[in-house]
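Protein chains: 2
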Amino acid sequence: MLKKSPLAPKNIGKIKQIKGIDLYVYSAGLYNKKRLDLALFLFKNKTSVAEVFTKSSLRSCTLDWNEKNLKNKEIEALIVNSGNANTFTGQAGINALTKISNFVSNKFKVSVKKVFFASTGVIGEKFPEKKILNTLKKDKSKTNNWLQAAQSIMTTDTFPKAISVKTMIENKTITITGIAKGSGMIEPNMATMLGFIFIDCLIPQNILQKLLKDLVDKSFNQITVDGDESTNDTVIMTSTNSVSFKNKISSIKDRRISKIKNSLLPVVKYLAEQIVRDGEGATKLINIKVESAKNSPQAKRIAKAVANSPLVKTAFYGNDPNWGRIVMAIGKTYEKIDPKKLKIYIGKQTVVANGAEYKKLNLQKLKKYMASKEIDLKLDLGQGNYSYETQTCDFSHKYVDINAAYRT
Amino acid sequence: MLKKSPLAPKNIGKIKQIKGIDLYVYSAGLYNKKRLDLALFLFKNKTSVAEVFTKSSLRSCTLDWNEKNLKNKEIEALIVNSGNANTFTGQAGINALTKISNFVSNKFKVSVKKVFFASTGVIGEKFPEKKILNTLKKDKSKTNNWLQAAQSIMTTDTFPKAISVKTMIENKTITITGIAKGSGMIEPNMATMLGFIFIDCLIPQNILQKLLKDLVDKSFNQITVDGDESTNDTVIMTSTNSVSFKNKISSIKDRRISKIKNSLLPVVKYLAEQIVRDGEGATKLINIKVESAKNSPQAKRIAKAVANSPLVKTAFYGNDPNWGRIVMAIGKTYEKIDPKKLKIYIGKQTVVANGAEYKKLNLQKLKKYMASKEIDLKLDLGQGNYSYETQTCDFSHKYVDINAAYRT
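For the record, the sequence lines run as chains R and S.
Counting in my numbering, the first sequence runs from 1 upward without gaps.
Counting in my numbering, the second sequence runs from 1 upward without gaps.
Check the hints yourself; a few may be wrong.
Copies of the same chain look alike in the list, so a pair counts if it fits in one copy or across any two.
[To be verified] Derived lysine-lysine pairs resembling DSSO-like cross-links, with alpha carbons at most 30 Å apart:
#: 1; residue 1: K341; residue 2: K55
#: 2; residue 1: K367; residue 2: K3
#: 3; residue 1: K68; residue 2: K269
#: 4; residue 1: K373; residue 2: K398
#: 5; residue 1: K343; residue 2: K10
#: 6; residue 1: K55; residue 2: K378
#: 7; residue 1: K246; residue 2: K107
#: 8; residue 1: K126; residue 2: K359
#: 9; residue 1: K348; residue 2: K99
#: 10; residue 1: K218; residue 2: K336
#: 11; residue 1: K140; residue 2: K373
#: 12; residue 1: K259; residue 2: K34
#: 13; residue 1: K360; residue 2: K109
#: 14; residue 1: K130; residue 2: K360
#: 15; residue 1: K142; residue 2: K343
#: 16; residue 1: K365; residue 2: K10
Hints were generated in silico from the structure; no laboratory data involved.
Excised from the complex, chain R in its bound form:
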């Protein structure tokens, strides 16, 4: 068991169950040590589903499965396991999905076409379908404790990531619960990350899908741990018809949608930040903002290059304000920058200005700040009006520990 990240939140608030969803969590023995490793969500009334996928060209067969079922716009069951990614498992991996979904369909009276999967863990190892089937045959695992769902999907995560929020619409309480897991392969289109967001009022699928795309761009797509993008990244959002309105939502311009979106955005941003805070071996959260870029792609390219540079990340780990490495990372994008206009700020301190180290830089003060658990880095390119923000973590001995011994 990995020691909890020093960047973990002190408390996780109460995680609310979502009306209309039954949650089952299991220990299916997918790890050597007994732990929660399998979750089943059953959606008891009409539930819309939206999903975004990794861009990896060698993705898990679970995502092919879901993409097909997504056309049916509704979800009745979601099965999530950790310990095995069901990726590059050949026809056997695909067959396992058929068998498991058939079993769940028979047992819980759901349509196979409305069964979704998500898997995370080792790529290429035989998918443990028998362990999963034997476990699902048990009936005793229904729970109201939704934090356990977040626990069951952890891999090298050191703490569960979950949040619930409420909002009032037409005098009715709408509840949103989100869970996610990281914590390596975190870049640039999501991560080895799974994210699940559950809402208890019905939103039509086409609107839900657009909402999700936009939310993911503003959260999970902005973070990076190591620049490695997973074969299994996915975020699924469901909206259950438990709280109903007099007039149904039928347009993305509906004011209720903007209210719901306002509640969803902090949920996905929170979960994304937790993934960075639990980045493998992380000792520091680094908030990077690129400002005054010529255009958006330039801002993004530079922010990501700095965020993913092993040399920048190890310097942050070592509390070393070695801003030369930031300059290096900007330069390696080949983006033309006027050195005289570039300004680099670490925390509130100006570090680089006028093409050199800032003359009034207080190095002692800066070094002290570098030892903080949370660092703000701002790069002002002095070119135009575009900006981009990303969050990352530092690169420590423990990242190597974890990943050199992942399977041993």
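Fit chain S to the known structure of chain R by using the hints.
Using the frame of chain R, we list chain S on its own:
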């Protein structure tokens, strides 16, 4: 002092001095501990010079200086220091080059327009021009020991990189000596690497430049340590008029050029491999070959993605044949690959075939091979006829050690 890389060569052969070049090496106090850190090469007869530069958009002012002087096609002095990159040092950094070149010009009677610089070390710190000037005033440092030149340019290198070869042309012995340094920020267009190649017969500058470009593409541009590209990467090649032919070389198609090129290629390939062998914290040399790609960019993109993936590199460090991470790294390029056609070989063993782990894989044998100091990884994409080779090293605790504490 860092412990010598376990991948260092057992012996470095005799490094030959090149006729027509005087070498001076100094301890200028550019490091806290006394060591060689400054080298001056004086070219006593007409010498052609070629140079290739980092593509970084924020490069060292030494490279701007050299690019200007390269127009004059000849070199009379080359000054190389370690300990400070003279990058992002503002006008002061540029002024230092003027002062130092003026001094060298006066003392050694060379043209300022034929003085070249190369620097490597920390970016952004004040350039130590006084230490360098005071040191150059000494006269006692002339040496025939060219290995010392390789020693003086080391930064986090754990061993000097140097090689000499000979070839016979028209019954005359042509000598080539090359030196280089690594060993972080090694990607994709050279590295924090400096390379210097000296030849003792005259080749016209335009031919020398074309030769160098081609040689670098086949050696230094193919290696990667951490995906970080330096602000200071450069390779300089000089050809001195010490051995003369009856008929001068005037065409790149001259058969003497192909003979010289045949001798140069192993020199640059050797130096490039030594840089990988001395990659920061390296414990394994990994030779990656991508075959049967649809086109060259695809082959290169996939080779580099695998070579630079922190998760792949840490798995190799941990002797873990976790081929799923190789699949992940291929997938994150978004290159479309048919999983059923993809074959992965580690050493002589087939690891992946027919869209899954190879059925006859002998895992025990593979694990044993994974513990070797040199690993061959071959990816057959099953698409077309293009291939690409790259060399990299693994990612160890020591990389983090070195880079978290580089300046402390």
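Each hint, compared with the structure:
For a Cα distance limit of 30 Å, the shortest separation of K341 from K55 across copies, 20 Å, qualifies, whereas the shortest one inside one copy, 36 Å, does not. Proximity of K367 and K3 under a CA criterion of 30 Å is satisfied in both settings, with 27 Å inside one chain copy and 28 Å between copies. Taking the closest pair of Cα atoms, K68 and K269 come within 30 Å of each other only inside a single copy of the chain (28 Å); across copies the shortest separation is 49 Å, beyond that limit. Taking CA atoms no more than 30 Å apart as the test, K373 paired with K398 passes in both settings, with 16 Å inside one copy and 23 Å between copies.
For a Cα distance limit of 30 Å, the shortest separation of K343 from K10 qualifies neither inside one copy, at 35 Å, nor across copies, at 47 Å. For the homomeric pair K55 and K378, the shortest alpha-carbon distances inside one copy (29 Å) and between copies (24 Å) are both at most 30 Å. When the C-alpha separation of K246 and K107 is checked against a cutoff of 30 Å, the pair qualifies neither within a copy, at 34 Å, nor between copies, at 92 Å. When the C-alpha separation of K126 and K359 is checked against a cutoff of 30 Å, the pair qualifies only between copies, where the shortest distance is 11 Å, while the shortest distance within a copy is 59 Å.
For a Cα distance limit of 30 Å, the shortest separation of K348 from K99 qualifies neither inside one copy, at 57 Å, nor across copies, at 36 Å. Taking the shortest Cα distances, K218 and K336 sit within 30 Å of each other both inside one copy (26 Å) and across copies (27 Å). With identical chains, the CA atoms of K140 and K373 are never at most 30 Å apart, being 42 Å at best within one copy and 51 Å at best between copies. In this assembly of identical chains, the alpha carbons of K259 and K34 never lie at most 30 Å apart, being 42 Å within a copy and 66 Å across copies at closest.
Proximity of K360 to K109 under the C-alpha cut-off of 30 Å is found in neither arrangement, the shortest distances being 70 Å within a copy and 41 Å between copies. For the identical chains of this complex, K130 and K360 are inter-copy neighbours only, at 23 Å across copies versus 66 Å inside a copy, given an alpha-carbon limit of 30 Å. For the identical chains of this complex, K142 and K343 are neighbours neither inside a copy (55 Å) nor across copies (43 Å), given an alpha-carbon limit of 30 Å. Taking the shortest alpha-carbon separations for K365 and K10, only the intra-copy value of 27 Å comes in at or below 30 Å, while the best inter-copy value is 46 Å.
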